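So for the sequence shown, the numbering used here puts the first residue at 35; every next one is plus one.
Keep in mind the hints are simulated off the structure, nothing from the lab.
Among the hints, a few may not be true.
[Unchecked claim] Here are the simulated distance ranges between beta carbons:
1) K134 x K76: 31 to 39 Å
2) P367 x Y266: 39 to 47 Å
3) N429 x A81: 33 to 41 Å
4) E93 x N429: 24 to 32 Å
5) A81 x K298: 41 to 49 Å
6) R278 x R190: 48 to 56 Å
7) K129 x H398: 52 to 60 Å
8) E242 x R278: 33 to 41 Å
9) R303 x E80: 23 to 31 Å
10) N137 x R278: 33 to 41 Å
11) K129 x A81: 38 to 46 Å
These numbers were taken from a predicted model, which means no experiment stands behind them.
Quick reminder that beta carbons are idealized off the backbone N, C-alpha and C, glycines included.
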Amino acid sequence: MKILIVTTRLPFPPYKGDKLRIFNLAKYLAKRNQVKIVSIIKSKKEARYVDELSKYKIEVVPVYLPLWKRLFNIILGVFRREPLQVLWFYSKKMKIVIKKLINDSKPDVVFYCLIRGAQYFDENFSKGILNVLDLIDAISLYLYRFYNVEKKPIKRFLIFREFKRVLSYEKIAEKFDVSFLCSSFDMEYLKSNGINANFKVIYNGINESFFEIKGDVIYDPKRIAFIGNLSYFPNLDAIYFFVREILPYILEKEPDAKFYIVGKNPPLRIRMMASKNIIVTGFVEDIKYEYLKSALIVAPIRFGAGMQNKIIEAIALGVPVVTTTLSLNGLPPELKEFVFVADQPEEFATRVIEILNNPKIRFHLHEVKNVVKKVLSLDIIGQELENYLANMLRNKTKEI
35 MKILIVTTRL PFPPYKGDKL RIFNLAKYLA KRNQVKIVSI IKSKKEARYV
85 DELSKYKIEV VPVYLPLWKR LFNIILGVFR REPLQVLWFY SKKMKIVIKK
135 LINDSKPDVV FYCLIRGAQY FDENFSKGIL NVLDLIDAIS LYLYRFYNVE
185 KKPIKRFLIF REFKRVLSYE KIAEKFDVSF LCSSFDMEYL KSNGINANFK
235 VIYNGINESF FEIKGDVIYD PKRIAFIGNL SYFPNLDAIY FFVREILPYI
285 LEKEPDAKFY IVGKNPPLRI RMMASKNIIV TGFVEDIKYE YLKSALIVAP
335 IRFGAGMQNK IIEAIALGVP VVTTTLSLNG LPPELKEFVF VADQPEEFAT
385 RVIEILNNPK IRFHLHEVKN VVKKVLSLDI IGQELENYLA NMLRNKTKEI
């Protein structure tokens, strides 16, 4: 198949959730298919990553969208109905480039990423093509939950306005042959809001290399870790919530416990938390060893949507996780029984202390990685996606 992927963020380096998912799927599909990515880039420096993707047999067509144009789009957004995050990534040049690529290379499949990529779909030059939308998460669900935890009136107003815009815009999924989501919870949420699209769940996959461990890794029985993207609001909120509401309970019973905050580019507020019991690592080269060195992972997520990669990565390595009901809902049903759940601060702290004092829990989770491989191996998910696209393309060809 000839596949054109339309994305508004270059999926390299794959450090963030959506970039990681797009990179993994594109890399897998490129093994037996001709894959081309057309992507907005935010700076000319970012263009250097184009060559990195070519190593995976992925051709990239970059479209530069400067900051001033993004800001201008937002100003115009006051008078428009589209979500601000869609307008932020609008580029007239991008639309022209996509049209030319479709006309010249005649792809079998055009794979649009997120609602901000969906804005580039045009029925006039997409006939006879399998048009796919990867929503990944239900963004309106994310915003609704964000609204419910935010306290500041002005922010609440802005979040709610964007929520209403996004919920209305997500109906664009109905224009596509199929729309993918990474969790069944998000899919049911969109259906319950009257979006009658052809939905299919495609989980976030884990590379086989993630399971390869070099040498013996000794874990610290008093080490608690939060691992994630530190520019993502739900992660920052989870850290603040843990340090403010949960960690004091833990230190009262376990004064030697250490809380590690692991992630790229921690903001000043996070860096200022560093103390005897709180360690901020910043960027680390291989994230899986941060999991393995920890007694457990905490993910007290209070808002968000989709599947939390930090949770499935911890489970894949046999490391206990304590999280919230909200995060549990985004997991595949086969993995839910392996996660510890608590929603209230004292209850959450109690779960953490139980795991710190019972190393057998960690030992019993070693076999879970076999379940994860069966459910979330990138090879299995990639093959499922490839077969699904091929079957849909055959059916669409018969209809023409």
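Hint by hint, here is what the structure shows:
Between K134 and K76, the C-beta spacing of about 22 Å breaks the proposed range 31 to 39 Å. Judged by the Cβ atoms, the range 39 to 47 Å given for P367 and Y266 is violated: they are separated by roughly 25 Å. Evaluation of the 33 to 41 Å hint for N429 and A81 yields a pass: the beta carbon distance comes to about 38 Å. Look at E93 against N429: about 27 Å separates their beta carbons, and that is inside 24 to 32 Å.
Hint check: A81 to K298, Cβ distance near 21 Å, so the stated range 41 to 49 Å is violated. Separation of R278 from R190 is about 20 Å and departs from the stated range, judged on CB atoms against 48 to 56 Å. The given range of 52 to 60 Å is respected by K129 and H398, whose C-beta atoms sit roughly 54 Å from each other. Hint check: E242 to R278, Cβ distance near 39 Å, so the stated range 33 to 41 Å holds.
Separated by about 27 Å at the C-beta atoms, R303 and E80 satisfy the suggested range of 23 to 31 Å. At about 55 Å, the CB distance of N137 to R278 disagrees with the hint of 33 to 41 Å. Roughly 20 Å separates the CB atoms of K129 and A81, a value that falls outside the hinted 38 to 46 Å.
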